[in-house]
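One rule links them: number in the numbering used here = place in the sequence shown (from 1) + 51.
It is worth saying that the hints were derived from the structure and are not from the lab. Owing to the predicted nature of the structure, the values given are computational and were not obtained by experimental measurement. Be aware that a few hints might be false.
With a straight-line Cα cutoff of 16 Å, these simulated EDC-like cross-link-like pairs (lysine to aspartate or glutamate) come out [claimed, not checked]:
(1) Lys219 to Glu198
(2) Lys216 to Glu256
(3) Lys223 to Asp149
(4) Lys219 to Asp149
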Amino acid sequence: MTVQIKFGTDGWRAAIAEDYTFDSVRRATQGFADYLKATYTPAEVGRGVVVGGDRRFLSEHFAATVAEVLAGNDIYTGKSVILAMGTARVAPLPGEEDLVGRGVSYCATCDGMFYKDGTVLVIASDEEAVEEAVFLSTLAKVLYVKERPHNTAGLPPQVRQLPGKPLKLLAKGEQLVLETDQGEVTADGAFILRPAVAMTQLIPEVQTENGRLVLDNDLMTSVPGVFAAGDITGAPLQAAKAAGEGNIAVLAAARHLTRRNNSAGENQ
52 MTVQIKFGTD GWRAAIAEDY TFDSVRRATQ GFADYLKATY TPAEVGRGVV VGGDRRFLSE
112 HFAATVAEVL AGNDIYTGKS VILAMGTARV APLPGEEDLV GRGVSYCATC DGMFYKDGTV
172 LVIASDEEAV EEAVFLSTLA KVLYVKERPH NTAGLPPQVR QLPGKPLKLL AKGEQLVLET
232 DQGEVTADGA FILRPAVAMT QLIPEVQTEN GRLVLDNDLM TSVPGVFAAG DITGAPLQAA
292 KAAGEGNIAV LAAARHLTRR NNSAGENQ
């Protein structure tokens, strides 16, 4: 059976419960597994695949479905992760992180259907947000606010562009209120669309202080088995520091896996 999947600025563009279902996720994952086995050697495939998720609706269950399909193809998920993707300086709005999953979303195609026939805010930092706003305008009334200057020529007339710089988000009853330097705007939900996300949004479970990851002496985060190295751990942002931390994190991850395997053996 041929299934068409449309990709956009943020990956697979599909609405949950319409095109994005457990069945379609299984098919897409099987296609990915077929690609891995056709492209790489068995030894390379056997190194495993890391499956990530976030706090969006049913994310944990979709991630589990992906892992099940991969395991059925003898491709296994990793038992440890080293975060070494550099850093993006993202300053969330005051109140933003407290409202994630309670009106604040970062994916229009994932959560747009929850606001069908309602009113949503799009808080946008770059031109890629225009495409997401166009999609949302087919479902709801869209109020578009720029977090940073960018070209909005692609917005349709039904998307209302509002003046003002976003300052703060807060909940008022079942609605959200965006405070700007030119007043308040109320909506049913808010989609915050930036070219990068903060670490607390990428892996919400990790502990941070003042926007930095909290790490132990082995560079392990507050999530067991998840380590970090390089610029993502904070200043100084230097290649020598990143290389040294990478070595520490790899050795620590190896020790973690050894302890984990020994513990599993003792419990059998």
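Q. Within a Cα-Cα threshold of 16 Å, do Lys219 and Glu198 meet the stated pairing?
A. The given pair, whose Cα atoms are some 11 Å apart, holds under the 16 Å limit.
Q. Under the criterion that the straight-line Cα-Cα distance not exceed 16 Å, is the pair Lys223, Asp149 satisfied?
A. holds, 13 Å
**Q.** Hinted pair Lys219 and Asp149, Cα distance within 16 Å
**A.** holds, 12 Å
Q.
Lys216 and Glu256 were given as a pair; does the straight-line alpha-carbon distance stay at or below 16 Å?
A. violated, 30 Å
Of the numbered hints stated above, the single one contradicted by the structure is hint 2.
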